[in-house]
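**Q** First to last, the sequence lines map onto chains A and B.
So that you can map any letter, position 419 of the first sequence is 419 in my numbering, and since no number is skipped, the others follow by simple counting.
So that you can map any letter, position 346 of the second sequence is 346 in my numbering, and since no number is skipped, the others follow by simple counting.
Think of the hints as simulated: they come from the structure by calculation, not from any bench.
There may be inaccurate statements among the hints.
[Unchecked claim] Reference listing, derived: stretches of chain B covered by chain A, where coverage requires no fewer than 3 residues with Cβ under 8 angstroms from a Cβ of chain A:
no.: 1; segment: 14–20
no.: 2; segment: 110–124
no.: 3; segment: 361–371
no.: 4; segment: 386–397
no.: 5; segment: 401–411
no.: 6; segment: 415–428
[What the hints assert, rightly or not] Going by beta-carbon spacing under 8 angstroms, a handful of chain A positions derived as facing chain B:
no.: 7; residue: M105
no.: 8; residue: N245
no.: 9; residue: G396
By construction, the Cβ of each residue, glycine as well, lies at the ideal position given by its N, Cα and C atoms.
Protein chains: 2
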Amino acid sequence: MADIDAICGAAREAALLLAPMGADERNRALEAMAVAIESDADAILAANAADTEAAEKEVAAGEMSQPILERLVLTEAKIADMVRGVRAVAALPDPLGRVSYAVLMDEGLRLRRVACPLGVIAAIFESRPDALVQIASLCVKSGNAAVLKGGREALGTNRALADTLRRALAGSGGVPADAVQLVEAREDIHALLSREDSIDLIIPRGGNEFVSYIKEHSHIPVLGHAAGICHIYVDKAAGLDMAVNLTVDSKTQYVAVCNAVETLLVHRDAAREFLPRAAEALRAKGVELRGCERTREIIADAVPASEADWETEYLDLILSVRVVDDLDEAIRHINRHGSRHTEAIVTADESAAESFLARVDAASVMWNASTRFADGYRFGLGAEVGIATDKIHARGPVGLEGLVIYKYLLTGEGHTVSEYEGEGARPFLHRPLPLGGHGA
Amino acid sequence: MADIDAICGAAREAALLLAPMGADERNRALEAMAVAIESDADAILAANAADTEAAEKEVAAGEMSQPILERLVLTEAKIADMVRGVRAVAALPDPLGRVSYAVLMDEGLRLRRVACPLGVIAAIFESRPDALVQIASLCVKSGNAAVLKGGREALGTNRALADTLRRALAGSGGVPADAVQLVEAREDIHALLSREDSIDLIIPRGGNEFVSYIKEHSHIPVLGHAAGICHIYVDKAAGLDMAVNLTVDSKTQYVAVCNAVETLLVHRDAAREFLPRAAEALRAKGVELRGCERTREIIADAVPASEADWETEYLDLILSVRVVDDLDEAIRHINRHGSRHTEAIVTADESAAESFLARVDAASVMWNASTRFADGYRFGLGAEVGIATDKIHARGPVGLEGLVIYKYLLTGEGHTVSEYEGEGARPFLHRPLPLGGHGA
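Chain A extracted, bound-state conformation:
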């Protein structure tokens, strides 16, 4: 077992050194990381070949699934993607230093609220080794230290990548090597989860059980999502072609992802015309339908849906279908069974849409658009840390803004609070000062 105390202590020290550094220094470190990955490509690929060989044996022995093996494999093209990814992060606008609140409290007493890094981010992710590079880049860009724990099947690859990144940082003359730390053993996760003193945020990337475990076992804030139980509601005023297209896209464009739809809700007035057409299009894509009673009156051969179906994230070619009386029932169903991730309405009725957008409690709510758009890249955020379904700090697809917070900086000329209290107290001016720009 690694010395988690030493790793966390070094990460916190590195974070304190990194916090006051300028964008130039952080971007220089990112460029050094990109160059180092390019020049160490052979060593990284060799480490990955060894990981892959071991994984193939496990797959052959039935001890690992084929998709995990596929996510593990690196190629020259994937290395080139990693390098491009690091440079794309470097090219993003600086998330630090922006002034989001500023007032002249009194003559000579100036208050600014300035964006600053969180400190130490612990990221725990599964097989894909490119996640390591992506998260390390986003952390360096936002002035945070990263403690990284990858999947055991990618251990050799992750070691090679972390070595490369740490050597690149050491040589960049600014950002310290300890800003990137690798944690290797599964047993160390538990120790990480209790380090409130040195870890400011945990980002878990993985399945429902994995993320739930992390949330259950730590008092450190967690940014992410466990389930993605997303719905599409076809209103009575929906255009039927559009409704079929959006249902098919939201369900089948990529089934194994959190923003794919798991339940279709249909207004009873639209059901008789819409459901047969939707069923035909969905079945052409291989989708199994599980319907409520009213659905099965129309689609007789749909599998009967149980209560459990409304709470299940299939991540598979299965769709539960429920006929509802009206918009209110659809919204109630979603707010009760949804996971606050991504929800959609299809309707030509603007007031129904406005009501849905305002009343559905979810991170992303779509009107006449696919749930699959809920993604940091598609939303134009440049890079995605993950998708969060809690309501604190950052919600939905989270970009660099999820890795920063702010501090208040007050500069005075010897101002004491006594002058502003009691008899003859001076009043505060609270005169707004210009925002934006850099305030450090």
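Chain A is already provided as a structure; the job is to place chain B on it using the hints.
**A** Coordinates of chain B only, in the frame set by chain A:
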């Protein structure tokens, strides 16, 4: 024991009804609350008189402290303050609906990120019954439902206040009465702490042990602070009069609060001239000094400080004093022993000040100003939910912005993700759209 399931369920229902309501409806509810407190003043004062009588007996029996009794007592003037407070919250700008990000993803595909309520806020506070009214007002203003647990000594008063507020809401014709819920028994706190399904944020207001207990026993996000171990650092380039004034103000202007200074750090080059003058001024206010060895070479009769002193929040007329070699040692001491709450430097050296502001890891950092300014009202935030020392969501003095989050709203014309993937994929435009205003 109350039915916490029913209370939390009703609060969540109320939050869902409240979320889409406009500012007019929420402000009308606040005005109804203000009017109701005014007209129920006699009943509230009568309930408070009974609480006070019981508390006086406990004080006489040595079972309650005098300050708790003092915080409990309501008067007509305090009722008038409550009413003014509710109206002041109503007059604040609407925290909801603001658009903080907006892009045209493609023709006809418009994305907005719109401020919305968190949902259900659980506030757990000690004796002051005015906290109930203040937190309920801030929650209604920000579209959240409030689950309120006050101190046992104020139970009768809190019941009267909650009844008044709930009746006012019921009569206001908009915001539902269940948006304000009272939890009465101490045993119910534990049940509240495990209701991740219906509570979105816990705001604990009380001492260090109380807040630490809440944080330790819940996986729900907590907004607040446990300790306030604040420092003032007197640099070698400090003006000595200013340094003495700021030290006295930061330590003694009000000792029992989180933003009062607990440790004085002094540059060794300033110590010999500054410390005797500071000691004289502090002792004139009754402050006991506990010094490191180098301090005691100058202030011979200071009590020797132990390691524990650097980690102690006295909340009393006691100040630990340490002589440091330079700015770096001062910053290291603060980042190691501080509670990330409020820190101050006194210096005429701008570059030393900039370094301190950038490198000290705390929610509020002051240059030539008292630590006692760290307060929502003084910072011009209008109303304060509390002071937060974690780094997630909201930090430092937190106003209404700590009670809101955002949701992404995407409106399309039938756009599917398939069009933007694979061969012949359409590119995204990601053209920025105007921000601000109201986006609901």
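**Q** Cut-off 8 angstroms, C-beta pairs, minimum 3 residues; does the coverage of the segment 361–371 of chain B by chain A stand?
**A** With 10 residues closer than 8 angstroms to chain A, the segment 361–371 of chain B meets the three-residue bar; holds.
**Q** Given as covered by chain A, does the segment 386–397 of chain B meet the bar of three residues or more with CB within less than 8 angstroms?
**A** Satisfied; 7 residues make the cut.
**Q** Per the coverage rule (Cβ-Cβ under 8 angstroms, at least three residues), is the segment 401–411 of chain B covered by chain A?
**A** Result for this restraint: holds, n = 7.
**Q** Should the hint that A/N245 touches chain B count as held when the rule is a Cβ pair under 8 angstroms?
**A** holds, 6 angstroms
**Q** Under 8 angstroms is the threshold here; is the Cβ of A/M105 close enough to any Cβ of chain B for the hint to stand?
**A** Holds, because the Cβ-Cβ distance from A/M105 to chain B comes to roughly 7 angstroms (cut-off 8 angstroms).
**Q** At a Cβ distance under 8 angstroms, does chain A reach at least three residues of the segment 110–124 of chain B?
**A** Holds, because 4 residues of the segment 110–124 of chain B bring their Cβ atoms closer than 8 angstroms to Cβ atoms of chain A.
**Q** Restraint: A/G396 near chain B, CB-CB cut 8 angstroms. Satisfied or not?
**A** Hint holds; A/G396 Cβ to chain B Cβ min 5 angstroms, cut 8 angstroms.
**Q** Would you check chain A against the segment 14–20 of chain B, counting CB to CB pairs closer than 8 angstroms, and say if three or more residues qualify?
**A** The restraint on the segment 14–20 of chain B holds, since 3 of its residues have a Cβ under 8 angstroms from chain A and three suffice.
**Q** For the segment 415–428 of chain B, do at least 3 residues have a Cβ located nearer than 8 angstroms to some Cβ of chain A?
**A** Three-residue rule met by the segment 415–428 of chain B, so holds; n is 7.
In summary, this structure violates none of the numbered hints.
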